[in-house]
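S.K.: Dock chain B against chain A, hints included.
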Amino acid sequence: MSFRSRDPIHNFVTLPAEMAPVVGSGVLQRLRGIRQLALASLVYPGALHTRFDHTLGVTHVAGLMAQGLGVEGEELRLVQLAGLLHDAGHGPFSHVSEASLEWFGDKTKLKPDQKEHKIHEAVTAEIIRSDPELCTLLLEVEREKVIQLLGDWKGRLVLKQIVSGPLDADKQDYLLRDSYFCGVQYGRYDLPQLHRSLVLPDPSGDLMVERDGIHAVEQFVLAKYYMTTNVYRHRVRLITDRMITRAIRLGVEEDKEERLSQLYKFDGTPEFIANYQKWDDARFLETFCPVVTPPPGKKSGLMLRRLRDRRLLKEVFRHPIDKPFDARYRETLKGLPGRKGDTVAKKVERDVADFLNRTLGLTGTAVIDPDFVIAYSYGIKSARESSRNDEEGILVKVPPTPQPFTDESTLFRSINEAYTDNFVVVFAPIEWPDSNQKDAVRERWQAPILQLIQDACKQVRI
Amino acid sequence: MTPYDFVHLVIHATGGKIEGRTKLQKVVYFAGVLTGYIQYLGYRPHYYGPFSPAVAGAVQELRSLKFLEQNTRPDGTTDAGGFEKIRYDYALTAEGEQVAKEKAEQWPEEWKGIAEAAEKITSAKVRDYVHLAIAAKTDLLTREAGRTLSPSDLKERCEERGWTAFTNEQYDDAVRFLATVVGSRLQTTND
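In order, the protein sequences belong to chains A and B.
So the first sequence is numbered by the numbering used here: it starts at 238 and just counts up by one.
So the second sequence is numbered by the numbering used here: it starts at 623 and just counts up by one.
Hint data in this document are derived by calculation from the structure and do not stem from the laboratory.
Please read these numbers as outputs of a predicted model, since none were measured by experiment.
Don't take each hint at face value.
Calculated cross-link-like contacts (lysine-lysine; reagent style DSBU-like; alpha-carbon spacing at most 35 Å) [as the list claims (entries may be wrong)]:
hint : chain 1 : residue 1 : chain 2 : residue 2
1    : B       : K747      : B       : K639
2    : B       : K688      : A       : K584
3    : A       : K618      : B       : K688
4    : B       : K725      : B       : K747
5    : A       : K348      : B       : K639
6    : A       : K352      : B       : K723
7    : A       : K695      : B       : K725
8    : A       : K675      : B       : K742
9    : A       : K618      : B       : K723
10   : A       : K577      : B       : K742
11   : B       : K688      : A       : K634
12   : B       : K723      : A       : K355
13   : B       : K725      : A       : K502
14   : A       : K535      : A       : K344
15   : B       : K747      : A       : K560
16   : A       : K352      : B       : K688
Just chain A, same shape as in the assembly:
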């Protein structure tokens, strides 16, 4: 008996019937309220799909992959359960919450076996371990195995590689799903052909691709690259994500909003986990920026109101972290989003606010608050590098020994891997005086803002 659900990507997603209660559990149902791509709908209006849809898709794909590779019985069930529960720890606005957990959470409160993990991974593990409803549906031994498979797995490699690896079910689903809901074609690839070419030459060894599957992998890797450059790193999406993150920070640090502190200051307690599971996107927005009544926090409320009204910050500066930035400052700039880069980021934000106030002649209530200026950096991997995430590369089964996909693919070995770029950007709450002139204005501001950033790095370093 199977549990089947209609799905726009896979037509039907199919799971074993005995997993239906897990799908119906509060842990999974909460994910219906968490959008897969946070506020990407402000640029791609169709991007309203949720972590729940994606979770079902991942479980379906993981099952297909496993069965195609001869994984069955308890191992198949384990892989499917890991698919169902892999996003259980997502908070409001998906990855935005991860960044805030890392910023505010107390890493010393992680359990000894979680010290190398990110806080959101620990939160996922704790939800699987301790959620009262899940405890009635799954045996402890099974929950612990799922936690291990999602974390430090010591068993058969292929099980891990289906759940987390360069060709995992997660990516296979989200590329197609995000592409579909954003209304773009960048994330499309031939999933059945990719599955047909997956092989497991040694049952205890690595998942590999047959040589005749190389083109399917090329398509998959390019899909990931195009989705990253066009959707995941889209300028407006970066701005909306940073605006939520900043709103959370202002709420905790400036507005002293206790409910935000309780949501993001991970302390390892069961109370933290229980509270965390009560939040989704809608509750977050309605609590911290109600539709009708004034927000509880002054600064966080103003930032969130801008998001509600789509009055987004504008990108006033963008430059590769390369020359003319001094080599000694590049690591600092790359680290701007983290705690280590915060002193520099804050100085840049103050100085750019001053610069914009002077340049635009802003006075009185129109003066830009430096807390609403965001200095940030991010990177885009080359197409070639996109074939591996933080994982090992994809192996192609060729005699006498398997070879990396990037060497076996004629297309990919001809791509210059050096095209990996990091950028420093500054967003600010301005309105372009004339939108037709904004590129020219940005160009005029480039040199003075670049100089401000260099000076900030220099002063903080000294």
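M.R.: Showing chain B alone in chain A's frame:
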């Protein structure tokens, strides 16, 4: 010091150049073993031996900041399709060297340990990256076992990992390398 800084300093300590992607992973592995930093590098078993996503990420990061150049060249062999296989060579740029020197001054104790480790690995004159990879696999398996392993024990554990078993000659080479570099927990095939 982060894994990124550690990798930067290891490459600096080897004269700023490492020939081969596999060799780079294994040199950093043994530098980690010798300095005690291995626990922070997150090495795990992979087809080509111990592999660290953090080290791969650090290499990528160094390249993206233009501190490390990657050059590809044919390694003199061909694959089954008749194409020449590619070797990836890494070299710090002048800027990468400059920043590495500053890091060496910033962490003098750590730098001393890394420089000594690099010297030890280089002076062991391992034949090629295949032998270095075998030595790393051997070390990882014995580290996991926490005891002396015989060749047959090792063969069994290799099979459990899905790794091709080594020949006796390769195994003995690995034993010699490990005895010189990290102190051995292994029996030679003649024991």
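S.K.: With reference to the structure, classify each hint as holding or not holding.
M.R.: Each hint, compared with the structure:
no.: 1; hint: K747/B <-> K639/B; result: 16 Å, holds
no.: 2; hint: K688/B <-> K584/A; result: 25 Å, holds
no.: 3; hint: K618/A <-> K688/B; result: 14 Å, holds
no.: 4; hint: K725/B <-> K747/B; result: 27 Å, holds
no.: 5; hint: K348/A <-> K639/B; result: 39 Å, violated
no.: 6; hint: K352/A <-> K723/B; result: 30 Å, holds
no.: 7; hint: K695/A <-> K725/B; result: 17 Å, holds
no.: 8; hint: K675/A <-> K742/B; result: 58 Å, violated
no.: 9; hint: K618/A <-> K723/B; result: 27 Å, holds
no.: 10; hint: K577/A <-> K742/B; result: 34 Å, holds
no.: 11; hint: K688/B <-> K634/A; result: 33 Å, holds
no.: 12; hint: K723/B <-> K355/A; result: 31 Å, holds
no.: 13; hint: K725/B <-> K502/A; result: 33 Å, holds
no.: 14; hint: K535/A <-> K344/A; result: 29 Å, holds
no.: 15; hint: K747/B <-> K560/A; result: 38 Å, violated
no.: 16; hint: K352/A <-> K688/B; result: 31 Å, holds
Checked against the numbered hints above, the structure breaks hints 5, 8 and 15 and satisfies the rest.
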